[in-house]
Amino acid sequence: MSEHHHDHDHDHSELSDTELRVRALETILTEKGYIDPAALDAMIQAYETKIGPHNGALVVAKAWTDPAFKEALLADGSAAVGTLGHISRTGDHLVVVENTPERHNMVVCTLCSCYPWEMLGLPPVWYKAAPYRSRAVKDPRGVLADFGFTIPNETEIRVWDSTAETRFLVLPMRPAGTEGWSEEQLAELVTRDSMIGTGLVQTPGAPS
Amino acid sequence: MNGVHDMGGMDGFGKVEPEPNEPMFHAEWESRVLAMVRAMGATGAFNIDASRFYRETLPPEVYLSSSYYKKWFLGLEDMLVERGFLAADEIKAGHASVPPKPLKRGNFTVDSVERVLTRGSFTRPASAPATFAIGDRVRMKNIHPTTHTRLPRYVRGHVGVIERIHGAHVYPDTAAHEQGENPQWLYTVVFDGAELWGPDGDPTLKVSVEAFEPYLDPA
Numbered sequence: 001m002s003e004h005h006h007d008h009d010h011d012h013s014e015l016s017d018t019e020l021r022v023r024a025l026e027t028i029l030t031e032k033g034y035i036d037p038a039a040l041d042a043m044i045q046a047y048e049t050k051i052g053p054h055n056g057a058l059v060v061a062k063a064w065t066d067p068a069f070k071e072a073l074l075a076d077g078s079a080a081v082g083t084l085g086h087i088s089r090t091g092d093h094l095v096v097v098e099n100t101p102e103r104h105n106m107v108v109c110t111l112c113s114c115y116p117w118e119m120l121g122l123p124p125v126w127y128k129a130a131p132y133r134s135r136a137v138k139d140p141r142g143v144l145a146d147f148g149f150t151i152p153n154e155t156e157i158r159v160w161d162s163t164a165e166t167r168f169l170v171l172p173m174r175p176a177g178t179e180g181w182s183e184e185q186l187a188e189l190v191t192r193d194s195m196i197g198t199g200l201v202q203t204p205g206a207p208s
Numbered sequence: 001m002n003g004v005h006d007m008g009g010m011d012g013f014g015k016v017e018p019e020p021n022e023p024m025f026h027a028e029w030e031s032r033v034l035a036m037v038r039a040m041g042a043t044g045a046f047n048i049d050a051s052r053f054y055r056e057t058l059p060p061e062v063y064l065s066s067s068y069y070k071k072w073f074l075g076l077e078d079m080l081v082e083r084g085f086l087a088a089d090e091i092k093a094g095h096a097s098v099p100p101k102p103l104k105r106g107n108f109t110v111d112s113v114e115r116v117l118t119r120g121s122f123t124r125p126a127s128a129p130a131t132f133a134i135g136d137r138v139r140m141k142n143i144h145p146t147t148h149t150r151l152p153r154y155v156r157g158h159v160g161v162i163e164r165i166h167g168a169h170v171y172p173d174t175a176a177h178e179q180g181e182n183p184q185w186l187y188t189v190v191f192d193g194a195e196l197w198g199p200d201g202d203p204t205l206k207v208s209v210e211a212f213e214p215y216l217d218p219a
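Keeping their order, the protein sequence lines are chains A and B. For what it's worth, my numbering labels the leading residue of the first sequence as 1, then goes sequentially. For what it's worth, my numbering labels the leading residue of the second sequence as 1, then goes sequentially.
Derived by calculation from the structure, the hints in this document are not laboratory data. Because the structure is a prediction, the values reported are computed rather than measured. It is possible that part of the hints are untrue.
If you anchor each label on the Cβ, the simulated ranges turn out as follows [what the hints assert, rightly or not]: (1) B/Pro-20 / A/Glu-184: 21 to 29 Å; (2) B/Gly-157 / A/Asn-153: 43 to 51 Å; (3) A/Gly-177 / B/Pro-125: 25 to 33 Å; (4) B/Gly-44 / A/Glu-48: 41 to 49 Å; (5) B/Glu-181 / A/Pro-204: 45 to 53 Å; (6) B/Glu-22 / A/Glu-71: 28 to 36 Å; (7) B/Glu-22 / A/Phe-149: 52 to 60 Å; (8) A/Glu-179 / B/Arg-156: 42 to 50 Å; (9) B/Pro-59 / A/Thr-65: 49 to 57 Å.
To list a few chain A residues with every Cβ distance to chain B over 12 Å, as calculated [stated by the list, open to error]: (10) Glu-19; (11) Thr-27; (12) Ile-35; (13) Lys-70; (14) Thr-83; (15) Leu-111; (16) Asp-146; (17) Glu-165; (18) Glu-179; (19) Arg-192; (20) Thr-203; (21) Gly-205.
All C-beta atoms, glycine included, are put in the ideal place defined by N, C-alpha and C.
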């Protein structure tokens with residue numbers, strides 16, 4: 001970052017002030033020998049390329065096609081994901097909760113921003129912001145309306161507040177019209193929001 | 001502490017506004033802040049609970065008006081100065097001028113990156129059997145510590161049911177303040193919506209929190 005040159009002479013917005021302060025802090029930490037900026041570069045690159053909702057989508061698609069895996073996943077999320085060689089960073093505390101016609105699950109962290117990074121990547125701004133954190137536990141149907149969908153009035157809504165180091169992944173319902181699809185095809189349908197519980201997996205071809 | 005970060009059940013913040021095709025970072029500095037926090041955490045300068053507490057103790061108007069990574073940045077600066085890893089004068093000057101403080105787990109190098117990408121474990125051996133069993137009714141304690149806690153206000157005093165037992169975990173209430181990991185049993189406690197929000201609440205709602213044993217009384 002120290003190699004970059006920015007001209008902020010005419011821009012004294014809060015953003016540019018923050019940017020300068022952040023650069024100064026990195027300079028100090030580097031001069032003190034605490035961090036190597038190249039290590040920060042490598043970490044950022046890993047976040048940008050290796051983690052993301054594609055990991056969670058693969059887990060969901062596998063659960064939809066492999067009943068034994070699904071059973072194991074719901075019993076112990078971390079252990080089941082650990083058996084998939086291509087996903088290795090899950091940690092010990094993953095809890096997978098299943099949506100059914102009787103119950104819709106939704107995940108929030110009212111106190112900060114706890115989120116299953118290893119499954120879904122870094123959380124979106126709305127997940128970390130006051131409107132979602134305040135309302136999800138009290139008016140989840142209103143929140144779902146903000147996302148543009150409703151669930152039946154008789155369906156139970158279960159909200160999981162992530163107040164400790166346990167992390168929650170929603171296993172959405174498999175849409176109709178996907179019989180015989182491969183795991184890879186199914187994974188393409190699975191959205192990030194469907195694994196937070198603020199979206200549904202759409203039937204292919206249906207208007208979203 | 002009873003801070004503005006404890007948002008569950010508050011009104012007035014408006015609609016949730018998802019951003020289509022949201023980028024991972026909205027500016028380069030956000031990625032540097034994320035990386036610095038993760039890196040300094042990996043050196044042992046602070047643990048995850050302390051980093052949360054320093055964000056919670058930002059002045060309420062700052063907490064509410066700052067973007068997410070701005071809060072991370074402000075909390076990081078405060079924490080590093082208070083713990084003696086930086087001098088306030090160095091921040092003013094933009095350069096290091098005093099010798100570094102030794103780090104518990106050493107400096108953060110390229111070789112350390114892999115370690116932060118794999119999530120750590122917070123499970124610890126329990127010092128006593130769990131007090132509660134699945135199905136037990138529990139009342140959340142009505143306590144208001146001014147220090148760090150993961151017991152949200154909206155469940156305090158309310159009765160729920162133990163649904164899952166996760167083993168003993170690092171206890172944030174002490175770990176945040178360098179008072180030790182002090183492992184405690186961790187439970188999922190589920191509440192009826194009406195128990196939390198009264199008879200006008202959504203009758204189909206159930207809410208759970210992850211609760212450490214010291215937060216619970218039998219009910």
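A quick look at each hint next to the structure:
1. B/Pro-20 / A/Glu-184: 21 to 29 Å: Holds: the Cβ-Cβ distance is about 25 Å, inside 21 to 29 Å.
2. B/Gly-157 / A/Asn-153: 43 to 51 Å: violated (29 Å)
3. A/Gly-177 / B/Pro-125: 25 to 33 Å: violated (49 Å)
4. B/Gly-44 / A/Glu-48: 41 to 49 Å: Because 26 Å falls outside the window, the suggested range is violated.
5. B/Glu-181 / A/Pro-204: 45 to 53 Å: About 48 Å separates the Cβ atoms of B/Glu-181 and A/Pro-204, which means 45 to 53 Å holds.
6. B/Glu-22 / A/Glu-71: 28 to 36 Å: holds (34 Å)
7. B/Glu-22 / A/Phe-149: 52 to 60 Å: violated (19 Å)
8. A/Glu-179 / B/Arg-156: 42 to 50 Å: holds (48 Å)
9. B/Pro-59 / A/Thr-65: 49 to 57 Å: holds (51 Å)
10. Glu-19: violated (5 Å)
11. Thr-27: Non-interface label fails for A/Thr-27: nearest chain B Cβ at 6 Å, not farther than 12 Å.
12. Ile-35: violated (5 Å)
13. Lys-70: holds (18 Å)
14. Thr-83: Per Cβ check, A/Thr-83 is outside 12 Å of chain B; nearest 16 Å; holds.
15. Leu-111: For A/Leu-111, whose nearest Cβ neighbour in chain B is about 6 Å away, the distance does not exceed 12 Å, so it is violated.
16. Asp-146: Answer for A/Asp-146: violated, closest chain B Cβ roughly 4 Å.
17. Glu-165: Check fails; 4 Å does not lie beyond 12 Å.
18. Glu-179: Fine: 30 Å to the nearest Cβ keeps A/Glu-179 off the interface.
19. Arg-192: The assertion about A/Arg-192 is violated, with a minimum of 10 Å to chain B.
20. Thr-203: holds (21 Å)
21. Gly-205: At about 21 Å from chain B, A/Gly-205 clears the 12 Å cut-off, so the statement holds.
When held up to the earlier numbered hints, the structure conflicts with 2, 3, 4, 7, 10, 11, 12, 15, 16, 17 and 19 and fits the remainder.
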